[in-house]
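Trainee: Given the coordinates of chain C, assemble chain E onto it according to the supplied hints.
Chains C and E, in that order, give the protein sequences.
All residue numbers for the first sequence refer to the UniProt record's numbering, where the first residue is 1 and numbers rise by one.
All residue numbers for the second sequence refer to the UniProt record's numbering, where the first residue is 1 and numbers rise by one.
Quick caveat, the hints were computed from the structure, so don't treat them as lab data.
Errors might be hidden in some of the hints.
Copies of the same chain are indistinguishable here, so a pair counts whether it falls within one copy or spans any two.
No farther apart than 20 Å at their CA atoms in a straight line, the calculated lysine to any residue pairs in the SDA-like style are these [what the hints assert, rightly or not]:
1) K289 - R244
2) K252 - D209
3) K289 - R56
4) K289 - E60
5) K289 - M242
What follows is each chain in one-letter form.
Protein chains: 2
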Amino acid sequence: MIIDCHGHYTTAPRALVDFRERQKAAFAAGAVGGLDTKIRISDDEIRESLESKQIRIQAERGVDLTLFSPRAAHMAHHVGDAAASELWTRHCNDLIHRAVSLYPDRLVGVCQLPQSPGVSPANCIPELVRCVEELGFVGCNLNPDPTDGYWTDPPLTDRHWYPLYEKMVELDVPAMVHTSCSCNPNFHFTGAHYINGDTSAFMQFLDSDLFKDFPTLKFIIPHGGGAVPYHWGRYRGLAQNMGRPPLDALMKNVFFDTCVYHQPGIELLMTVVPPENILFGSEIVGAVKGIDPTTGYNYDDTKRYIDAVAWLPPQTRSKVLSGNALQVYGRLRRQLQAQGVPVPG
Amino acid sequence: MIIDCHGHYTTAPRALVDFRERQKAAFAAGAVGGLDTKIRISDDEIRESLESKQIRIQAERGVDLTLFSPRAAHMAHHVGDAAASELWTRHCNDLIHRAVSLYPDRLVGVCQLPQSPGVSPANCIPELVRCVEELGFVGCNLNPDPTDGYWTDPPLTDRHWYPLYEKMVELDVPAMVHTSCSCNPNFHFTGAHYINGDTSAFMQFLDSDLFKDFPTLKFIIPHGGGAVPYHWGRYRGLAQNMGRPPLDALMKNVFFDTCVYHQPGIELLMTVVPPENILFGSEIVGAVKGIDPTTGYNYDDTKRYIDAVAWLPPQTRSKVLSGNALQVYGRLRRQLQAQGVPVPG
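Looking at chain C on its own, in the form it has when it is part of the complex (with noise of 0.2 Å):
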């Protein structure tokens, strides 16, 4: 069994959009609660829009299941406030919810939380906990920048997150730290803000006691861990410098994905991070499109290049496309269960 950990529904009908654009000018116009808050899609639209496109690509790469979450760009925090973001929060988990219920061996649901700037993540709890406990999601994305591009809130090792982290725990979810768009021209959505979210935040983490708090806490960070891999030596002597316990010490918690989308980084991941630590993922469909013209394959087809990795030993591989999800996902398994779907092991 193939999981491929990291998929968004960007390629949600038309009518979830339309919502977000009527929401907007409510929000603008001081109206939020009058807004109706109605979206129609029928079964039959989300079946297109999944079998054109996620489910097509799946099978035809061989991934059997996909942890399948909303549009990271559309997530956009900043916007409104916490209840615009909370309506529109639980808009989007409803999709995905409807998306897994009608592909349920195919799909496992991932929610968005209703974050938003300079507000307690412990506002997140309830949706959280529906997604989790009525929906049947197994694990959350959690925006670092609530802001969208100006982090100006605290980092995710201070108490102001704790809240959300305890409950996290307690239902035994991961979170896979995704940033959303950008509104700081600075930083471009996917080349930069997503990328300097991955390695503020395995930083965050190097230069903290978080994980002595909450040592069952999970973190998954995305985009093969941003700069991290590839700076491996740089975080092993700065937490050396630091007086901060080495890299192994996090390992317990915090986890990358494989969306690295060329040969040489995906080989520099397997090399440096401990095996246990990689889990499969693609981003489909996604971030980057298009077919890599040096080897006439889409840039995104990361088990492409896993595959090719021919020093990786059998278990490890293994461990890469589907132990390790199972293992940081801890309903995952029963999740399946649940859907049908056997699990092997």
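Mentor: Just chain E now, kept in the frame of chain C:
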């Protein structure tokens, strides 16, 4: 001749920092103009600070020459105002000039610029001209975020920066894109802010026509290019998706140093980036101190990693270790001759 393009005077005598503290206090008290601007540092103090560190380490590692600039973390452009930045910058650059004058066969100067948040970089032109024409400096460090962590000034590709670029082109001096300290608790300075600055700058360049306007403008992106080489496939794919030219189109203008502190990172850099675009750098005395227990050598002894890339053709190694620096820093050859140093080739 082995040329390290990236060294900062991190061991400057204490009187320099003491001055900065007095300056901050004076600024806080509204009295910058009345500040005693004398800094008393003897030649012997400079010799001692260099021979115990910079010059000794260069000799130990077989590095002939370092392009030497003021300490990056202490540029701190957010402090005070443009006048305070200018005063501080002049002192820092003057001290580099004194160091170079004492070790003209070992050091060549690169200047700090008197940037200030919200102020046109045109204000940097007089100091750049002074450093290049009077002091014999061959490049400058350009902070892409003069706010030091909040990124509210325009991207490097904005016309805001053009007056400075015009002067850089006229003088034939490149800039190393180098952030300074971080006031933002989300960004550790050497662990996140530096690397994010590198990544962001590259993506800004990719997404603009800056080099159509300035075909001979040159930037060195330090710290191995931030996350960029690790995500080379992502950047190739983004350029393609966005209808931008292939990355090759940037390679007359954008260069990377080798401040990557482990063997696999250097191997990746050498694998993906054209050899003409890689300049040896180590950032001593530096950002990452200490001995790597896995190798028994200093993390920042980057020449050792380059030497260990077995497949690197000798001509490529030679370009990386010196030839490329002589190309990118257009005034370097003449300046070395002016300093009485014979230059091969």
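Trainee: Are the hints correct? Go through all of them and say.
Mentor: Hint check:
1. K289 - R244: Classified as between; 14 Å across copies, 39 Å inside a copy.
2. K252 - D209: Classified as within: same-chain Cα gap 13 Å, cross-chain 45 Å, threshold 20 Å.
3. K289 - R56: within (15 Å within a copy, 50 Å between copies)
4. K289 - E60: within (16 Å within a copy, 48 Å between copies)
5. K289 - M242: Cα proximity of K289 and M242: across copies only (10 Å, versus 40 Å in one copy).
Violated hints are absent here; each numbered hint is respected by the structure.
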